[in-house]
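Protein sequences appear in the order of chains A and B.
Residue 150 in numbering that gives the first Met the number 0 sits at position 151 of the first sequence, and the numbers go up by one each step.
Residue 340 in numbering that gives the first Met the number 0 sits at position 341 of the second sequence, and the numbers go up by one each step.
It is worth saying that the hints were derived from the structure and are not from the lab.
All the given hints hold, so there is nothing to weed out.
Some chain A residues well away from chain B (every beta-carbon gap over 12 Å; in silico):
#1 His64
#2 Ala162
#3 Glu179
FRET-style restraints, in silico, Cβ to Cβ:
#4 B:Arg367 - A:Asn4: 33 to 39 Å
#5 B:Phe186 - A:Ser56: 52 to 58 Å
#6 B:Lys283 - A:Asp226: 22 to 28 Å
#7 B:Trp375 - A:Glu63: 44 to 50 Å
#8 A:Glu63 - B:Leu117: 53 to 59 Å
From the three backbone atoms N, C-alpha and C, an ideal C-beta is built for every residue, glycine too.
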Amino acid sequence: MQAHNFKVKWGMVIDLDKCTGCGACSVACRAENNLPPEVDAGNKLRTADWMNIYELSNGKPFPEHEVAYLPRPCMQCGKPSCSTVCPVVATTKDEEGGIVSQVYPRCIGCRYCMAACPYHARYFNWFDPIWPEGMEKTLTPYVSARPRGVVEKCTFCHHRFNAAKEQARINGEDPTALPEDAYIPACAEICPTGAIKFGDLNNAEHEVSKIAASDNAFRLLAKLGTDPQVYYYSKREWVRKLGDNYLKNAKGEDHV
Amino acid sequence: MSDRAYWPEGVERCSMGKFLAWLGVISIFLAWGGYGAYKILGTGIGVTGLDNYFGFGLWITFDLAVIALGAGAFFSGFLRYIMRVDDLKNVINLAVIVGFLCYSGAMMILVLDIGQPLRAWFGYWHPNVHSMLTEVIFCITCYCTVLIIEYVPLILENRKINENRFCHHLAHNFHVYMPLFAGIGTFLSFFHQGSLGGMYGVLFGRPFVFREGFFIWPWTFFLFISSAIACGPAFTMLCATLMETITGRKLLGYETKKLMGKISGLLLCFYMFFKLVDTYAWAKGILPGMGLTFDQMYNSEYGYGTIWLWGELLIGGLVPAVMLILPNVRNTPALLYTAAILAGVGVTINRFVFTVQALAIPVMPFDRWTTYIPNWAEWCTSLMIVAYGFFIMSLSYRYLPIFPQEVELNK
Chain A
0 MQAHNFKVKW
10 GMVIDLDKCT
20 GCGACSVACR
30 AENNLPPEVD
40 AGNKLRTADW
50 MNIYELSNGK
60 PFPEHEVAYL
70 PRPCMQCGKP
80 SCSTVCPVVA
90 TTKDEEGGIV
100 SQVYPRCIGC
110 RYCMAACPYH
120 ARYFNWFDPI
130 WPEGMEKTLT
140 PYVSARPRGV
150 VEKCTFCHHR
160 FNAAKEQARI
170 NGEDPTALPE
180 DAYIPACAEI
190 CPTGAIKFGD
200 LNNAEHEVSK
210 IAASDNAFRL
220 LAKLGTDPQV
230 YYYSKREWVR
240 KLGDNYLKNA
250 KGEDHV
Chain B
0 MSDRAYWPEG
10 VERCSMGKFL
20 AWLGVISIFL
30 AWGGYGAYKI
40 LGTGIGVTGL
50 DNYFGFGLWI
60 TFDLAVIALG
70 AGAFFSGFLR
80 YIMRVDDLKN
90 VINLAVIVGF
100 LCYSGAMMIL
110 VLDIGQPLRA
120 WFGYWHPNVH
130 SMLTEVIFCI
140 TCYCTVLIIE
150 YVPLILENRK
160 INENRFCHHL
170 AHNFHVYMPL
180 FAGIGTFLSF
190 FHQGSLGGMY
200 GVLFGRPFVF
210 REGFFIWPWT
220 FFLFISSAIA
230 CGPAFTMLCA
240 TLMETITGRK
250 LLGYETKKLM
260 GKISGLLLCF
270 YMFFKLVDTY
280 AWAKGILPGM
290 GLTFDQMYNS
300 EYGYGTIWLW
310 GELLIGGLVP
320 AVMLILPNVR
330 NTPALLYTAA
340 ILAGVGVTIN
350 RFVFTVQALA
360 IPVMPFDRWT
370 TYIPNWAEWC
380 TSLMIVAYGF
390 FIMSLSYRYL
400 PIFPQEVELN
410 K
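So that you can see chain B by itself, here it is in the shape it has in the complex:
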């Protein structure tokens, strides 16, 4: 049995048996995560490693990290459709799918994370306009819808589906209006990334994350946006490279990859400058104002040492920023990919410390440091989302014309 008729024109794919075996491996993780989700939804979040000190843990860290890394979708869309950077046309389809997977995956995690998932719509029904989380709820749901709208025309371009006259014209019309959706998506995701940062910056009871800012937005609002748009393109490029490694086929021209690296590098330099200024101002201004010192914010005994800070700022920040703006580094694939990985690690550490370390630090002088270790229920459900991403991406790669350069690059 062959499904060749459904493949994009002129490309080669592995055999059906091999593909099904691959999906079978992915399904193991889906099943494990499904079991975890069943236990969580059936008996309560108590089956996780979360507690009253760590109301946020692996799930929120995972959410924030994938949403930051998925920023390649909105920013590539912005550059491609609004700024008219035509070279990105080769990667825009992939960016949209990666963004969709990241956002939809984050929403699935949130279904597990909130204690009353059936009340999730209360964010619209009883919105607190003063809460950054309300803005998050608005933006994540609206932008996920926009990503679905951006993903649909890609599905309609499947060779068989596109033979249908209605689907063909629908896909065409979607493409015509894509700059509009790219614009809406840019606006929504911009605020979404920002409000995630703002969520932490407004917590004046948590010295580790509290920041002053501009008007109603703490500095973290802007830092989260800039770190996300810096790492997003690099992550999208890494996804293409990972797909090339798995499939053994060339999918994206190296020139486009270099361009993505260059965009990430420039934005990372911009972000790192302000991040370092922010860190200095926090240590010298905000903390002493609360009667605290920089040293009190770190404790290696409990797993929250300064290693995270240097890992984020140096290894995952300055090093990839410098590497990505150097043309010689970008011309060497191994170095380009290494720098992109480091940038992703840096932004993930940032989201981790803002989410978890902030809660581990004792604020009351007589309180104590606490440690959080996620358990199997959190890991398996997080891995389930990763597996979901692999599953959808595998189907998309096999049946949809994601990479315009694929035929030419593999001649």
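This is chain A alone, in the form it adopts within the complex:
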């Protein structure tokens, strides 16, 4: 399937040198997107964290030991491995902005997209969601809760994108040319250190496009050819090296 060329390409840059691994982005994401409280969070392969945080290590002993924290939202890939395989068009990348959608009422729960995604950014609803009495009042009214049996994932808080476009229309502005801060996902808004930047990667004025062009910016598993719209930034080489797989004494070439 040919990749779409969008006029606006919403993207994220996460500065791993600023990220402290506090988890605020993950919490904000859960609250914003109506992820239910986990009944049993013991098995981390069963829990759903649209913004999952990985701990990276340079593998060296003290005192050279260093760690970094890598928040991992959906990469909103330019060439998604997930949407091409979905048998029922329940996940697509066809809307201006380049956000990979997830249509919950259409998903049949085959989990093929989960098998396809190398980032583990997709989560399955193993049971029906349950909010303890009273907690249903915290639900975000603009985000649908998902039933059991469907796959879900980060949408770059797509409802906020809709709201920003609506506000632009009300203001008599062009909804296809939103200013830099008009639309920001919950994770980027709450990050206390400002590690998460969000904006239009195609707009040279937006900070994300400037940072993404830096030599210290990288994308996860770029060699696979997924063309992610999420960039990471670090001045530390060992951190950047952990963004992809490299052969010893050889430079692998893009395969796809």
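Following the hints, put chain B in place on chain A, whose structure we already have.
Chain B alone, transformed into the frame defined by chain A:
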């Protein structure tokens, strides 16, 4: 009470009491699986051992394995009706029933496996023409229908049912048009087997299974077809042998069994040649291109060591391929059956590693290996499908003239 009047003409069957006791044993597994299915459909797939890393597990492995082994139906039909290999007329009825059981069983498992079974028809309503799984949905449902059409005339040939004039003529007409259905079935199952392989080959985010290929089809498309048609006939032959062991009666002439073994052997040699070339090209070309090595694809600590690879390629691949093309081996029943079992084991390992190991391997450098262990809910429902196969086959054997040679062989 005797049901002798319903048996095929000239054959002997066990007493009704013994038969009911046999069905009772099978029903224990059906009941256990039914309980598991109730829990899964009632509360969610969370009762299984699957998780967000292993979205596919025992069920999909089971599905792919039985569909590969059930390929004897379409390939025997193709050889019998299209290629006119008349010697296969003795086994074609059995092949059809085995194929029907494998495909219908796989579909029952899929009802449990997909999170929203009531939306299964969306595959037709909102088809994604770029998805190999859409092709799978089309082919599995259409081919299952064809297998039902092929099975119906067999049911109509029950002695009592066939006394009915309408049923008699209907069965006759079904037989007249059977080459047409065999042709349609061959086309559908060919693509179904292929699209199952293609499903994995297109996953460019999974280095273990990703393959390049020809036009839109990755090499796995062709490898899955060839492995299925290689193992299908051997499995059908094994089913006949198992039925002979259980019933204590001769059902299929040994010459036909040898022919099935020979067909499997030749096709297995063909498959193994390309499988070995594919494995080499994958290890030397695709993996380094992704910055990965062959060694990184295996980890015995987590249960995914190279033992699976050698088990598949050597024990379940080259060994049975060589055994089945040697006439001396085929002339010795024990060796013929052993080779057929090994071929079945080989294709099952292949489907297992493509389904499970592919998901266990960390792709992101900072991720880790993970292990998947199916739990009771997956085992009991899988065993339920096996029990379903035994149940239907038991009824078919008792009441339908499946084996044309049975009367003669047991004189």
